[in-house]
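S.K.: Here is how the chains run, residue by residue.
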Amino acid sequence: MAKKGIQSKDPHVLNLAKIVGYDPVRKSILYEKEDLLAYDCDGFTLHKHLPRVVVFPKNTAEVAAIVKYCHENDLPFLARGAGTGLSGGAIPLNGEVIISMVRMKKLLSVDFENRRAVVEPGFVNLKLTNSISDKGYYYAPDPSSQYCCTIGGNVAENAGGAHCLKYGVTTNHILGLEVVLPNGEIIEIGKDGVPDLPGYDLLGLLTGSEGTLGIVTKITVRILKNPEGKQTVLAYFDKVADGSKAVSDIISAGIVPAALEMMDKTAIEGVEAAAFPVGHPKDIEAVLLIEVDGIAAGLDEQINQILDVCKNNNVREVKAAQSEQERAKWWANRKTGFGAMGAISPDYLVQDGVIPRSRLPEVLKRINEISEEFGLRIANIFHAGDGNLHPLVLFDARIPGESERALEAGSLCLKVCADVGGTITGEHGVGIEKREEMRFVFTDEEIMAQTEIRQVFNPKNLLNAGKLFPSPGRCIEVKKEIAAAASK
Amino acid sequence: MSLREMDLKQEPACAPKTLGNYLWSDLPDENKWADCVHCGMCLESCPTYELTGQEQHSPRGRVHLIKSVAEGKLSVNEQFMDPVFACLDCRACTTACPADVNVGGLIEEARGQIRQAMPLTGWKGAINKLFLQELFPHQNRLNSLGSLLKFYQKSGMQKAVRKTGLINIMPKHLVEMEAIMPEINEPVRKKFKDVDVVKAKTETKHEVAMLTGCVMDVMFSDVNEATVNVLTRNGNDVIIPRNQTCCGALHVHAGDRETGRTLAKKNIEAFKDADKVIVNAAGCGAMLKEYHELFRDDPEWHDKALEFSQKVEDISKYLHDTGYEKPKAEMNVKMTYHDACHLAHGQGIRQEPRDILLDIPGVEMVHMPNSDRCCGSAGIYNITNPDMAGAILESKMENVPEDVEMISMGNPGCMLQMAIGVQKHGRNQKVVHTIQLLDWAYQKEDSLKEGK
Numbered sequence: 066m067a068k069k070g071i072q073s074k075d076p077h078v079l080n081l082a083k084i085v086g087y088d089p090v091r092k093s094i095l096y097e098k099e100d101l102l103a104y105d106c107d108g109f110t111l112h113k114h115l116p117r118v119v120v121f122p123k124n125t126a127e128v129a130a131i132v133k134y135c136h137e138n139d140l141p142f143l144a145r146g147a148g149t150g151l152s153g154g155a156i157p158l159n160g161e162v163i164i165s166m167v168r169m170k171k172l173l174s175v176d177f178e179n180r181r182a183v184v185e186p187g188f189v190n191l192k193l194t195n196s197i198s199d200k201g202y203y204y205a206p207d208p209s210s211q212y213c214c215t216i217g218g219n220v221a222e223n224a225g226g227a228h229c230l231k232y233g234v235t236t237n238h239i240l241g242l243e244v245v246l247p248n249g250e251i252i253e254i255g256k257d258g259v260p261d262l263p264g265y266d267l268l269g270l271l272t273g274s275e276g277t278l279g280i281v282t283k284i285t286v287r288i289l290k291n292p293e294g295k296q297t298v299l300a301y302f303d304k305v306a307d308g309s310k311a312v313s314d315i316i317s318a319g320i321v322p323a324a325l326e327m328m329d330k331t332a333i334e335g336v337e338a339a340a341f342p343v344g345h346p347k348d349i350e351a352v353l354l355i356e357v358d359g360i361a362a363g364l365d366e367q368i369n370q371i372l373d374v375c376k377n378n379n380v381r382e383v384k385a386a387q388s389e390q391e392r393a394k395w396w397a398n399r400k401t402g403f404g405a406m407g408a409i410s411p412d413y414l415v416q417d418g419v420i421p422r423s424r425l426p427e428v429l430k431r432i433n434e435i436s437e438e439f440g441l442r443i444a445n446i447f448h449a450g451d452g453n454l455h456p457l458v459l460f461d462a463r464i465p466g467e468s469e470r471a472l473e474a475g476s477l478c479l480k481v482c483a484d485v486g487g488t489i490t491g492e493h494g495v496g497i498e499k500r501e502e503m504r505f506v507f508t509d510e511e512i513m514a515q516t517e518i519r520q521v522f523n524p525k526n527l528l529n530a531g532k533l534f535p536s537p538g539r540c541i542e543v544k545k546e547i548a549a550a551a552s553k
Numbered sequence: 310m311s312l313r314e315m316d317l318k319q320e321p322a323c324a325p326k327t328l329g330n331y332l333w334s335d336l337p338d339e340n341k342w343a344d345c346v347h348c349g350m351c352l353e354s355c356p357t358y359e360l361t362g363q364e365q366h367s368p369r370g371r372v373h374l375i376k377s378v379a380e381g382k383l384s385v386n387e388q389f390m391d392p393v394f395a396c397l398d399c400r401a402c403t404t405a406c407p408a409d410v411n412v413g414g415l416i417e418e419a420r421g422q423i424r425q426a427m428p429l430t431g432w433k434g435a436i437n438k439l440f441l442q443e444l445f446p447h448q449n450r451l452n453s454l455g456s457l458l459k460f461y462q463k464s465g466m467q468k469a470v471r472k473t474g475l476i477n478i479m480p481k482h483l484v485e486m487e488a489i490m491p492e493i494n495e496p497v498r499k500k501f502k503d504v505d506v507v508k509a510k511t512e513t514k515h516e517v518a519m520l521t522g523c524v525m526d527v528m529f530s531d532v533n534e535a536t537v538n539v540l541t542r543n544g545n546d547v548i549i550p551r552n553q554t555c556c557g558a559l560h561v562h563a564g565d566r567e568t569g570r571t572l573a574k575k576n577i578e579a580f581k582d583a584d585k586v587i588v589n590a591a592g593c594g595a596m597l598k599e600y601h602e603l604f605r606d607d608p609e610w611h612d613k614a615l616e617f618s619q620k621v622e623d624i625s626k627y628l629h630d631t632g633y634e635k636p637k638a639e640m641n642v643k644m645t646y647h648d649a650c651h652l653a654h655g656q657g658i659r660q661e662p663r664d665i666l667l668d669i670p671g672v673e674m675v676h677m678p679n680s681d682r683c684c685g686s687a688g689i690y691n692i693t694n695p696d697m698a699g700a701i702l703e704s705k706m707e708n709v710p711e712d713v714e715m716i717s718m719g720n721p722g723c724m725l726q727m728a729i730g731v732q733k734h735g736r737n738q739k740v741v742h743t744i745q746l747l748d749w750a751y752q753k754e755d756s757l758k759e760g761k
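Here the protein sequences line up with chains A and B, keeping their order.
So the first sequence is numbered by the numbering used here: it starts at 66 and just counts up by one.
So the second sequence is numbered by the numbering used here: it starts at 310 and just counts up by one.
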């Protein structure tokens, strides 16, 4: 399988190969079209572009050397983790040099006394919890892709997850970062993992900057002690309005569940047709997956309160998980929900709107109208507790015009969220996908202010250019470009 | 621009069928990639992705490339071949995939296209032809080879070859294989060649037919013998159809789907009168259960294959479902269990073999972390991709608990590969088939009874 030496005529390929070295079996640089094609998109598949080359550094020094080379030679570049992002943050729009971080995947140290761990960016999210669970600890942010996604990618997107309702998103769990700046300089923020350093909150700025300000090469994260107890219930509702009212009532009753998830009828059809069914009734309109955790003594009371709220909202049936296996099964069903849509539709577009919880019933109604208007099915899987909606627009890219319609329907869903006082992304990031929708929530001046901050870190704009913000004045053309690319 | 338009699917079967740059017969099934939404949940399940971290060596990357050929973006060429043939076909991604994408099936279909586009030439072609076409399908030749190997072992030649260093003229991975070659015994098909039905030792409750397999019957005839013993002890009359042949899994994995079809037809015919077909090799069982995938363009044989596949069952699942006598003799062994890919991922059989082992008195089971991770055997992958297979075996061996005496599993390919692992990494575990251990427990019970 391995070729002898590098067969490329591109001098940049040859020079980059000198930095990462030549590995005949595992190849540390990819430059042939067949290999590059596998990198033309991430979890967002509506827009594709070939990278110039993909390099696999093994350490911070190699990352810095690659970045410095790109900086000096004006080569666009970007960092990529597992490529599970849903907004296109790792798509090489400008034929970038992709710096794949997956071979920097070590757990460097765990400090139980101070409850922190240091990982390399390519370390997979769930592996951290698996590595420390025998000592009774875990890493809280749990995006649904946690089986595969990297913590470096989580930092870039400020990833959330089902349990963020109670525990917060990635930024609440980052104590320190080592970052390679776009000119190749290596800096450390939050040294030694001491939180709340004086001065500006650079950790907060870097976390969620979608790979536009620097490349993270080392991460100090907070680890938590496992909660003493956990209880999980499923609640089935005949009417979606009753389900959403129950969500709103649970929160306003002052209960903070660890997770409060909802799926609607179309979503249930998808997960039940896929690999991890749990046997939800087919004729219900909504299912709630509710989990409470904490000191064991108070849990029964909380669950009883939740059950009362559900009953007051005409719940058809509620059941508690009887074993850890059952609980795991329910969560697998929920967490594989997006991928499961493949079982009922060839393509999907996932949106990521956030709304005030109290507006849930009307927003769901409006999304349903959009679905009917566009003749496209929309499944709803979402973190109901924190008002983070994931409408999944189901479509078939092979049918001419359908990708464009899906994009438009998705955008309208976000408009609805913005209009009720919410926003366009909770945890998936803006990437390529929602650049134009940034205008729903920011004025031109506000966007300009943010690009000026980017300018400070990334003055040549070689690092992940064209992401996160709309290009000034070109919004309409860009939208058309995406639609045109999508239909190819 | 893609040639794959909606109307293409509706064209009559008589039209010359192509799909983008797939120009040969037996086209890949586009419904299989239509299920994939590129979510990436498969990545960490894939041994070759774990090793390389590269998309083109991941399930979703491979599906993406296979689809790209149909869209006309890639051609069927050497560069495309590399990621498609580096797949172990271990099916771990099928277990991980939320949408049940049949990646393994797609890989096999794409390999079929590659082999038609670029037939193997040179020594690779010769080796492939020798093993896949001239050897495995022909039981008598396999038996002769078996006799030769037996002669090699018994005559002192093995000792001489090892001692004189003559062995070093072979490639390294073949030396490793020679070192762990099991002792060759008489094949079951030879032993029972004049017997129509091996009668149950007790009252007959069921009648089953048994696939003896090609390699299994020569290299591991003792496993086949154990299978016959266990079946007959538990009230099964066992028929060993004479016309059966190699299951074709190795051919299909290698992209030779035409030979796969020929063998499949022969087996479907050979087992025509059977109600149950019992298999003790996970790779063969999974293939038999998927025969219909080979006949997507042939409705008549497709239906026959589908009907046949319903009759196929792995020995451990069969015993679990129909019941078996729990052995009474103590085996006193500390062991671990390795999930063969085509048993766990391919057939969804995980608990049944473990239950059988735990029903044997004195068996202490030690958990093997990542027990359902491929060992790198993957049919003849350890011969065709020795570097990757060696690295995968190494990470497998790291997970084998230090203090166990035996590793049990349900597939001959794994047994060979794990034996290489034990030898290469200086371990001392005995590699056994699940059914062997059950048979030994029965035998011990009998000899204790006789002793009394």
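Everything labelled a hint here was simulated from the structure, so no lab data went into it.
C-beta atoms are modelled at their ideal positions from N, C-alpha and C, and glycine is treated no differently.
One thing to keep in mind: the hints can contain errors.
Covered stretches of chain A (in silico footprint by chain B; criterion: 3 or more residues with CB under 8 Å from a CB of chain B, positions within the stretch not fixed) [unchecked claim]: (1) 468-479; (2) 512-522.
The calculated lysine-lysine pairs, modelled on DSBU-like cross-linking and capped at a C-alpha distance of 35 Å, are [what the hints assert, rightly or not]: (3) Lys-347/A / Lys-613/B; (4) Lys-626/B / Lys-384/A; (5) Lys-330/A / Lys-283/A.
Here are a few chain B residues that face chain A, going by a calculated C-beta distance under 8 Å [what the hints assert, rightly or not]: (6) Asp-344; (7) Val-346; (8) Cys-348; (9) Gly-349; (10) Glu-353; (11) Thr-361; (12) Gly-362; (13) Glu-364; (14) Leu-374; (15) His-611; (16) Leu-615.
S.K.: All the hints need checking, so say for each whether the structure fits it.
M.R.: Status of the hints after comparison with the structure:
Check on the region 468-479 of chain A: 0 of its residues sit with their Cβ under 8 Å from a Cβ of chain B, so the three-residue criterion for coverage is violated. For a cut-off of 8 Å, the count of residues in the region 512-522 of chain A with a CB near a CB of chain B stands at 0, and the three-residue condition is violated. At roughly 34 Å between alpha-carbon atoms, Lys-347/A and Lys-613/B fall within 35 Å of each other, so this suggested pair holds. Note on Lys-626/B and Lys-384/A: the hinted pairing holds, with a Cα-Cα distance of about 32 Å set against a maximum of 35 Å.
For the proposed pair Lys-330/A and Lys-283/A, the alpha carbon gap of about 42 Å is over 35 Å, so the pair is violated. For Asp-344/B, the interface hint holds, the least distance from its beta-carbon to any beta-carbon of chain A being 4 Å, beneath 8 Å. This hint holds: Val-346/B has a C-beta 4 Å from the nearest C-beta of chain A, less than the 8 Å allowed. The restraint placing Cys-348/B at the interface with chain A holds, with a minimum CB-CB distance near 4 Å, inside the 8 Å limit.
Because the beta carbon of Gly-349/B sits about 4 Å from the nearest beta carbon in chain A, less than 8 Å, this interface hint is met. Taking 8 Å as the C-beta cut-off, the interface hint given for Glu-353/B holds, the closest approach to chain A being about 5 Å. Interface hint at Thr-361/B: satisfied, since its Cβ lies 5 Å from the closest Cβ of chain A, which is below the 8 Å cut-off. Among the interface hints, the one on Gly-362/B holds; its C-beta lies about 4 Å from the nearest C-beta in chain A, closer than the 8 Å criterion.
Evaluation of the Glu-364/B hint against chain A yields a held restraint, the C-beta minimum of about 4 Å falling below 8 Å. The criterion of a C-beta within 8 Å of any C-beta in chain A is met by Leu-374/B, whose closest approach is roughly 6 Å, and the hint holds. With a least beta-carbon distance of about 23 Å to chain A, the hint placing His-611/B at the interface is violated under the 8 Å criterion. Restraint check, Leu-615/B versus chain A: the minimum CB separation of about 21 Å is more than 8 Å; hint violated.
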